[in-house]
Amino acid sequence: MKLIVNGDDFGSSEAVNLAVAKAHDEGILTSCSLMVGESAFEQAVEIARKRPRLGVGLHLVTVLGKAVLPASEIPTIVDSKGYFPNSPVRAGLRYFFLPSAKAHLRREIKAQMQRFVSTGLKCSHIDGHLHMHLHPTVFPMVIEIAREYDVKYVRLPRENLSLSLTINSRHKLHKYLLWFTFWLLCKYAKLYLQDIGAVEQVYGLLETGRVTESYLVALLERLSCDTAEVYLHPQVGENQAELDALLSLRVKSLIKAKAIELVSYHQL
1 MKLIVNGDDF GSSEAVNLAV AKAHDEGILT SCSLMVGESA FEQAVEIARK RPRLGVGLHL
61 VTVLGKAVLP ASEIPTIVDS KGYFPNSPVR AGLRYFFLPS AKAHLRREIK AQMQRFVSTG
121 LKCSHIDGHL HMHLHPTVFP MVIEIAREYD VKYVRLPREN LSLSLTINSR HKLHKYLLWF
181 TFWLLCKYAK LYLQDIGAVE QVYGLLETGR VTESYLVALL ERLSCDTAEV YLHPQVGENQ
241 AELDALLSLR VKSLIKAKAI ELVSYHQL
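Counting with the working numbering, you get residues 1 to 268 for the letters of the sequence shown.
Bear in mind the hints are in silico, worked out from the structure with no lab data behind them.
Remember, predicted model here, so these are calculated numbers, not experimental data.
Any given hint could turn out to be false.
In silico DSS-like cross-links for lysine-lysine, where the CA-CA straight-line distance does not exceed 27 Å [as the list claims (entries may be wrong)]:
| id | residue 1 | residue 2 |
| --- | --- | --- |
| 1 | K152 | K187 |
| 2 | K50 | K22 |
| 3 | K152 | K66 |
| 4 | K50 | K152 |
The following label-pair restraints were derived from C-beta to C-beta distances [what the hints assert, rightly or not]:
| id | residue 1 | residue 2 | range |
| --- | --- | --- | --- |
| 5 | L93 | R170 | 29 to 39 Å |
| 6 | L161 | A71 | 39 to 49 Å |
| 7 | K122 | S169 | 33 to 43 Å |
Glycine residues also receive a C-beta, built at the ideal position from the N, C-alpha and C atoms.
Working from the sequences, and respecting the hints, build out all of it.
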């Protein structure tokens with residue numbers, strides 16, 4: 001089995017950037033997703049340039065974050081300071097119903113990709129902050145930009161629900177509703193893939209911020225697909241349980257024992 005271990009929100013803060021570097025250098029992290037409009041973007045790029053084996057994808061921001069373009073150029077999708085809505089529902093309704101918002105959204109998505117390309121890094125994949133790249137209006141634009149810039153993979157957060165609930169059955173109803181929502185979105189997204197790839201299973205959605213050592217061990221003991229991704233939000237400091245999981249000797253030993261091949265999207 002080939003496994004991608006991805007750190008999301010790369011570029012959002014120094015704490016996240018340092019965690020991604022440490023988890024790649026000393027742990028099992030193979031990949032990360034870069035936010036090109038956030039405050040620690042330049043530091044993240046320097047970290048990535050020094051680590052040629054680290055896969056770097058675009059973490060597209062269309063909600064709960066800052067745009068790359070000036071607010072005056074995309075006024076229907078950001079506030080006067082250039083920030084997207086904090087609510088995915090509010091943003092999603094705007095993107096779906098306002099023709100002008102769709103035009104501004106397309107420009108912003110291209111601008112984020114162009115900023116990524118300007119770093120000289122090769123884009124391994126595209127995913128989205130809060131998975132808003134799967135919104136029915138956003139996803140076709142993502143596929144357009146992936147083809148234009150020769151990006152071969154996008155993330156589809158498809159989990160095996162029964163496996164996830166076997167590992168942790170808490171909040172079962174919430175997890176089922178979340179899983180079902182993204183099952184529908186991924187089913188729609190598959191219609192657009194054609195020459196763009198996605199791994200079979202992606203884990204992290206139902207345990208966002210809680211991908212601990214015990215969770216990883218339980219997951220790796222049960223995974224039985226050919227390609228999979230686990231994504232986390234590692235950071236250094238007080239809340240570094242996910243970073244500790246990526247550095248865990250127990251997790252490393254299990255990966256070796258099960259002959260799991262750690263890869264990035266570039267290596268698929």
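- prompt: Quick check: which numbered hints come out false for this structure?
  reply: Going through the list in order, the structure violates no hint and respects every one.
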